[in-house]
Amino acid sequence: MIRLRDVTYFYPRATTPALADVTLEIPAGQFCAVIGANGAGKSTLCYTLAGFVPHFYRGKLSGGVEVAGVDVPASSLAKLAGHVGLVFANPFNQITGARFSVREEIAFGLENMGVPLDEMEARVEDILGFAGLRDLAERSPFALSGGQQQRLAIASVLVMRPPVIVLDEPTSQLDPIGSKEVFAVLRDLAATDAATVVLAEQKLEWVAVFADRVLVLHEGRIVADGLPGDVLASADLTQYGLQPTRYTQVARAAQAAGFRADRHDLPVTLEEAVEFFR
Amino acid sequence: MKDDGQRPTEARAPMPIVVEDVSFTYPSGTHALRGVSLRVSPGEAVAIVGENGAGKTTLVKHLNGLLKPGTGRVTIGDWDTREHTVAKMAARVGYVFQNPDDQIVERTVGDEVAFGPRRLGQPAAEQQANVAAALATVGLTEAAKTHPYDLTAPQRKLVTLASVLAMRTPIVIFDEPTMGQDARGVALIGDIVDRLKAEGRTVLTITHDIDFCAAHFGRAIVMADGQVLADGPAADVLTRADVLATTNVEPPQLVRLAQALRLKRAPLTVEEFVAEVVGSE
Chain Z
1 MIRLRDVTYF
11 YPRATTPALA
21 DVTLEIPAGQ
31 FCAVIGANGA
41 GKSTLCYTLA
51 GFVPHFYRGK
61 LSGGVEVAGV
71 DVPASSLAKL
81 AGHVGLVFAN
91 PFNQITGARF
101 SVREEIAFGL
111 ENMGVPLDEM
121 EARVEDILGF
131 AGLRDLAERS
141 PFALSGGQQQ
151 RLAIASVLVM
161 RPPVIVLDEP
171 TSQLDPIGSK
181 EVFAVLRDLA
191 ATDAATVVLA
201 EQKLEWVAVF
211 ADRVLVLHEG
221 RIVADGLPGD
231 VLASADLTQY
241 GLQPTRYTQV
251 ARAAQAAGFR
261 ADRHDLPVTL
271 EEAVEFFR
Chain A
1 MKDDGQRPTE
11 ARAPMPIVVE
21 DVSFTYPSGT
31 HALRGVSLRV
41 SPGEAVAIVG
51 ENGAGKTTLV
61 KHLNGLLKPG
71 TGRVTIGDWD
81 TREHTVAKMA
91 ARVGYVFQNP
101 DDQIVERTVG
111 DEVAFGPRRL
121 GQPAAEQQAN
131 VAAALATVGL
141 TEAAKTHPYD
151 LTAPQRKLVT
161 LASVLAMRTP
171 IVIFDEPTMG
181 QDARGVALIG
191 DIVDRLKAEG
201 RTVLTITHDI
211 DFCAAHFGRA
221 IVMADGQVLA
231 DGPAADVLTR
241 ADVLATTNVE
251 PPQLVRLAQA
261 LRLKRAPLTV
271 EEFVAEVVGS
281 E
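Line order of the protein sequences matches chains Z and A.
Position 179 of the first sequence, counted from 1, bears residue number 179 in this note's numbering, the numbering being contiguous throughout.
Position 26 of the second sequence, counted from 1, bears residue number 26 in this note's numbering, the numbering being contiguous throughout.
Treat the hints with caution; some may be incorrect.
Listed next, with one range per pair, are the computed distances between beta-carbon atoms [as the list claims (entries may be wrong)]: (1) Z:62 with A:139: 58 to 66 Å; (2) Z:126 with A:42: 46 to 54 Å; (3) Z:117 with A:194: 28 to 36 Å; (4) A:233 with Z:261: 33 to 41 Å; (5) A:101 with Z:119: 54 to 62 Å; (6) A:82 with Z:239: 37 to 45 Å.
Derived pair list, reagent style DSS-like, types lysine-lysine, alpha-carbon separation capped at 30 Å [stated by the list, open to error]: (7) Z:180 with A:88; (8) A:61 with A:264; (9) A:88 with A:68; (10) A:264 with Z:60; (11) A:264 with A:88; (12) A:68 with A:264; (13) A:145 with A:88; (14) A:61 with Z:180; (15) Z:60 with Z:79.
By construction, these hints were calculated from the structure, which means they are not laboratory data.
The C-beta atom is built at its ideal place from N, Cα and C for all residues, glycine as well.
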């Protein structure tokens, strides 16, 4: 569960806020996608939920931030570690550099949490399989491809099973099916394990299919908030620097050419587009 | 006209890329390339797609000599990459790294973009003009005096892109250029690719963004497990869902829609798709 109340945040020396008047509640079990142009505040929102704002970045934060029952500004990064996990946009920032193999890297967080050895081994083994890293388990984290490092970064956070999971464009280097699989896993973590999942993303096709809810950020403010089908089909999307999926684009262009002019709900997913054009 | 190394800014020199039966194994024992052969003609626009760890980055690092083939041969025009330094190869092949932070060395954006042209020995006036033009192309003219690390990661990617554009090489290689870019950034990079093509330069890109690939690249190479699975016109290769699936790639959104609707053709653009659907009413 996440609760933000009137959150405004300035990075040190900044004259415009990176987040402005953000009020937001995300219940446990919800998979919420955050979209917006570069610079809209997506990463800052992720950092705020994980406590890096203000505890690492400093700057000026006002308003209330409560994550998994913890008052974030009044807490510390160490205290937040068991409550919220953050996957950084650049996997290189996630890798500790203190471990020699993928397996040890994934175990790192569990060691710090004092998880018993046999449980640790089982959880690491489990996540290696899910992340498609089992064949690479003994390799150095630095001898992985960009996409493999990104899988490792995601695995290192998910293995800790935090109740709140925040991911900042975690699939930017993943191959297409790999990206889709990450979305499916996040949806399952929300639906089955009641995790609260917040995902900053550019891949609107998979946001449309898997997310429960979509927030649009623009210049630090929430400018749209709703079901993927409503938000992603909205004509306003382009004014926030976002491009609708090709499915919405072709449906809108076909409508302009007189096809199904009576339809008000434009498709955002492949399935919906098939239904629209059939 | 032949590039003799003395005119490194000659962007139109015919410079075919020939990769002959190249295999490469990293010191860690990973067999990253297994007998790759391909030929890219001057002026072609080629996208390389395939799953993570397929060998895409390893392959393109062979084209500018950053990696030398274990067996086989790579030539750029009349240069065998084993016989030339990376610094020399840079006159013919510009390479934009996947991670901009692997590439950036200077303290200001302007110096960073000027780094390559300076190393290539471009005359000062030409250097200045190339740097200014490259910064303008990526929309970072205002940021010339900024420290690269005061920019966001997607902006740093544009800095590295500008650095390579300023070198005016006949061959330009992008490794995941749209990674982390928003819609506007993707459109900007698409325009840059189109412009390079119009100038007759050879453009290669690695990408996971299949819709970007479909929109800007005439030829697609599909890689898996260090080998080339398919190589041909993008309009053909990108419709082969079965081949793509074996390497974790799906056809572009419009192709999947056309296939689900059992259309006779699989259009790659919104305009073609609408013409196909509305035209068949």
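Now for the hints, and whether the structure bears them out:
{"no.": "1", "hint": "Z:62 with A:139: 58 to 66 Å", "result": "32 Å, violated"}
{"no.": "2", "hint": "Z:126 with A:42: 46 to 54 Å", "result": "51 Å, holds"}
{"no.": "3", "hint": "Z:117 with A:194: 28 to 36 Å", "result": "57 Å, violated"}
{"no.": "4", "hint": "A:233 with Z:261: 33 to 41 Å", "result": "35 Å, holds"}
{"no.": "5", "hint": "A:101 with Z:119: 54 to 62 Å", "result": "36 Å, violated"}
{"no.": "6", "hint": "A:82 with Z:239: 37 to 45 Å", "result": "53 Å, violated"}
{"no.": "7", "hint": "Z:180 with A:88", "result": "41 Å, violated"}
{"no.": "8", "hint": "A:61 with A:264", "result": "39 Å, violated"}
{"no.": "9", "hint": "A:88 with A:68", "result": "14 Å, holds"}
{"no.": "10", "hint": "A:264 with Z:60", "result": "58 Å, violated"}
{"no.": "11", "hint": "A:264 with A:88", "result": "49 Å, violated"}
{"no.": "12", "hint": "A:68 with A:264", "result": "45 Å, violated"}
{"no.": "13", "hint": "A:145 with A:88", "result": "28 Å, holds"}
{"no.": "14", "hint": "A:61 with Z:180", "result": "28 Å, holds"}
{"no.": "15", "hint": "Z:60 with Z:79", "result": "21 Å, holds"}
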